[in-house]
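Asks: Please arrange chain B on chain A, whose structure you already have, making use of the hints.
The listed protein sequences correspond, in order, to chains A and B.
Anchor point for the first sequence: position 65 equals 65 in my numbering, and the numbering is continuous, going up by one each time.
Anchor point for the second sequence: position 122 equals 457 in my numbering, and the numbering is continuous, going up by one each time.
Derived by calculation from the structure, the hints in this document are not laboratory data.
Given the structure is predicted, the values throughout are model-derived calculations rather than measurements.
Mixed in with the good hints there might be a few duds.
Said to hold, decoys possible - DMTMM-like, lysine to aspartate or glutamate: derived pairs with alpha carbons at most 25 Å apart: (1) B:Lys452 to A:Glu140; (2) A:Lys265 to B:Glu363; (3) A:Lys266 to B:Asp367; (4) B:Lys349 to B:Glu613; (5) B:Lys462 to B:Glu425; (6) B:Lys377 to A:Glu164; (7) A:Lys26 to B:Glu410; (8) A:Lys292 to A:Glu84; (9) A:Lys39 to B:Glu555; (10) A:Lys102 to A:Glu84; (11) B:Lys375 to A:Glu164; (12) A:Lys36 to B:Glu425; (13) A:Lys36 to B:Glu445; (14) A:Lys43 to B:Glu410.
What the hints assert, rightly or not - Which bits of chain B does chain A cover? Going by a derived footprint, with three or more residues having C-beta under 8 Å, they are: (15) 355-369; (16) 373-383; (17) 386-392; (18) 485-494.
Glycine residues also receive a C-beta, built at the ideal position from the N, C-alpha and C atoms.
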Amino acid sequence: MQTEKKKSPKLDFNTGLFLQELRKRKVRISPIGSTKVYKASYKDHTELICDLNVSTTSFPAGWITGDKFYTKKILQHAGIPVAEGKVFTYAAKQDALGYAKKLGFPLVLKPAQGTHGDYVYVGIDSPEELQKKIDVLTEEYIGNGYYLIEKYLPGEEYRIFYTENDFFAVVHRLPAHITGDGKQSIFALIKNENYNRMNPRKNCLCEIRFDDILFDHLEKTGKNIDDVPKKGEVVQLRLSSNVSKGGNCYDVTGQTHPSVKKLAKKILSTIAGLSYVGIDLICKDIRISLQKQNYFVCELNPVPGLSLHCAPEKGLPQNTPGALVNLLFPESKDK
Amino acid sequence: MKKRNSLFAHHNLKELLDELSGKGVKLEQVPDTNILLAKKGKVNNIIIDSYTSLVPFNIGLAISNKNVCRHILQENKLPVAPGELFAPQEKNKAIRYARQLTYPVLIRQENSQRNEKAIPDIDSDEKFNTAYTSLSQLGENILVEKMFAGQKMRVFLSRSGFLHVLKKDNYASLSTSFIAEEKENDQSWRQLESTSKNIYTDMTDDTHKSLLVVAKKILEAFPPMPYICFEIIAKNMHKPFLPGSYVIAEIYHSYALHLSYNARKATTEKKVSQMIAELMFP
Chain A
1 MQTEKKKSPK
11 LDFNTGLFLQ
21 ELRKRKVRIS
31 PIGSTKVYKA
41 SYKDHTELIC
51 DLNVSTTSFP
61 AGWITGDKFY
71 TKKILQHAGI
81 PVAEGKVFTY
91 AAKQDALGYA
101 KKLGFPLVLK
111 PAQGTHGDYV
121 YVGIDSPEEL
131 QKKIDVLTEE
141 YIGNGYYLIE
151 KYLPGEEYRI
161 FYTENDFFAV
171 VHRLPAHITG
181 DGKQSIFALI
191 KNENYNRMNP
201 RKNCLCEIRF
211 DDILFDHLEK
221 TGKNIDDVPK
231 KGEVVQLRLS
241 SNVSKGGNCY
251 DVTGQTHPSV
261 KKLAKKILST
271 IAGLSYVGID
281 LICKDIRISL
291 QKQNYFVCEL
301 NPVPGLSLHC
311 APEKGLPQNT
321 PGALVNLLFP
331 ESKDK
Chain B
336 MKKRNSLFAH
346 HNLKELLDEL
356 SGKGVKLEQV
366 PDTNILLAKK
376 GKVNNIIIDS
386 YTSLVPFNIG
396 LAISNKNVCR
406 HILQENKLPV
416 APGELFAPQE
426 KNKAIRYARQ
436 LTYPVLIRQE
446 NSQRNEKAIP
456 DIDSDEKFNT
466 AYTSLSQLGE
476 NILVEKMFAG
486 QKMRVFLSRS
496 GFLHVLKKDN
506 YASLSTSFIA
516 EEKENDQSWR
526 QLESTSKNIY
536 TDMTDDTHKS
546 LLVVAKKILE
556 AFPPMPYICF
566 EIIAKNMHKP
576 FLPGSYVIAE
586 IYHSYALHLS
596 YNARKATTEK
606 KVSQMIAELM
616 FP
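In isolation and in its complexed conformation, chain A is listed as follows (with noise of 0.2 Å):
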C-alpha cells in the first residue's frame, strides 16, 4: 500500500537551542516518525522530549500552569496575589459584560488557554470595545471554550525563569515601541526596525507584528501609521510586552531583589509535580523588595521561552537551555 512519506515538523527555535543543548552534554537524540517528539538517550536513561514538555513536570501541574484561570485559583487560595477576574464561557456574553460593568474598565481579556499572547487585549476601556473584542476572540480562537476578564493593573513586566534545582532568570519586558528620526513614518521606522533585528538575528527579538492591537492602540493615543514621529520620540505600540508580538527584553538577573526568588520558589512549592515554569510578574520596580510594593502573578508559563534568557536583547545571557538539560539529565552535567 502506497503512503507518502511525511516531513518531519519544522523545529521550533526554542526546543532547537534545548536539543543543541543537549547534543553538546552528548545525549542521543533521535526523531520519532514524522512527528514533533524525539527519543533522547544518555547511557541507560531515556526520555520523550515533546517540544519543551518533559518529564520532570507532572500532567496535572503542567495542565494547571498552562489554564490562565486554574493558575489564578492555586495561585489565590496559596496567598499569591494576582489580578481581580473572572472567567466565563464563550457562550456567556451577557455575563461577562455585566461583570466588566461592575469591575471597572479599563480591562484585560484573554482565553484561558494560550500562548505569545495570542488573542490577549490589554487596556480595554469601554463595553463597545470589550463587546468586539469578545466577538473577535470566540469567532477566531478555538481554544478551551474559556476566556477571562481582568482588572487592569499597570507595572512594568518581568518574566521569571526558575527550576526545582534553584536555577534563576529574569528579564525586563518592554511593549514594542519605535523612536522616531523626524524624517520616516512610523510605518517605515517598524519595516526598519524588523529589517535590523531579522538579518541577521542576533538575539531572542522578534519582528514587531501589525495587527489589530497595534492599529487600534495608535488609533487610541491619536496616531497613525503613516504619521511622522519627532526626533527621539518614543511611539508605544502596544501595551502587552510579548516578545513574540516584538517586544523588547533586557536580563535583569543581577539586579533583581532576592524577595522575587522567594516569590518563584513559593510558586513552585504551590504547584506540586512544576519542575521548572515561567512567571510573568507585574511589580514598579524589580529592584525593590516585593513586600513594598504592590505586585501581582499575571500568569505562568508550563514551557516557558528559553532564548528570552539566553539571547536578550541587552544583558547578560543566562542558560537555560543548560538547566533544562540538568532537570532532565542531570547526570550529563559538566560534560
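Replies: The following block gives chain B in isolation, referenced to the frame of chain A:
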C-alpha cells in the same frame, strides 16, 4: 463531575479517593475548580480531572495524541492497526486510503481520550463520507485506521509487575441464554446491564502469560511512566500474543478504576486503585 464527600472529582477517581483517605492522605479542593490537593507528611500530589501527579506532562500529552502514540509504539516495534493521519479538508484523500485499507475502518480525532470522538465500524463510502464530515467539523486532524477483529481487553501494568486485565464485551453481542444464566447467578449483573453498553470481566488470571511480556514492552516505550494502561485487541487471549495475533488499540493515562471494581468475576485481591495510591504515597 459527581459530588462526593463535598469534593468534586472525576467519577473514575471515587475508589482512588477512598484509598487515599484510608491511607490518611488529606484531600483539599481548590475552590471553584476540580483541582484536588493531596497531602501526607511532606509528600504533595495534585489530582485534576482523572490525572494524578504520577503521569509526566510530556507523556500525558503524547498519550492524548493518537498519532504520536502510534509512532511511539511503532518505533518500539509494537503492532498497531494500519492507519494514516489526514487534515479535516482531506476527505477525498482519506476515503481513497480507507478503500486501500478495505472496510471496515475506524476514524478518530488526533487528540482525544474518549471514544465518543471515534467512529468505528465504517463499512462503506457513504458511511465514511458522513463520519468524516461530522468529525472534520471539530477542526482537528483525523486518524483513519483498519479495524482489527478480536477480543478487546483493557490492561494495567505497574513497573513493580502488578497486572490487571479486563475483557470488554459489547452487551448487544452477548447471547440471550448467556445473559439469562448470568442474571440468575450474579446479582450485580442487573446493575451492569442497566448502566452500561459494555460489560467488563476480570480476566487477570485467565489471559495467556505472554500478555505480560507485551505489556512490559509498552511500558518501556513511555519512560518514565510508573504504570501503563492500554487497550489491546487479540484474536485469542488464551493463546500466545504473537505478531499478527494482536494490535494495540489505545494507550490511556489512567485506568478505568470504576470498571475494575464493578467487573464481573473480580478475583484480584489487590485493587488497581490501591496500587495507584501506593505509588502516589509510598
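Asks: Out of the numbered hints, which ones does the structure contradict?
Replies: 18
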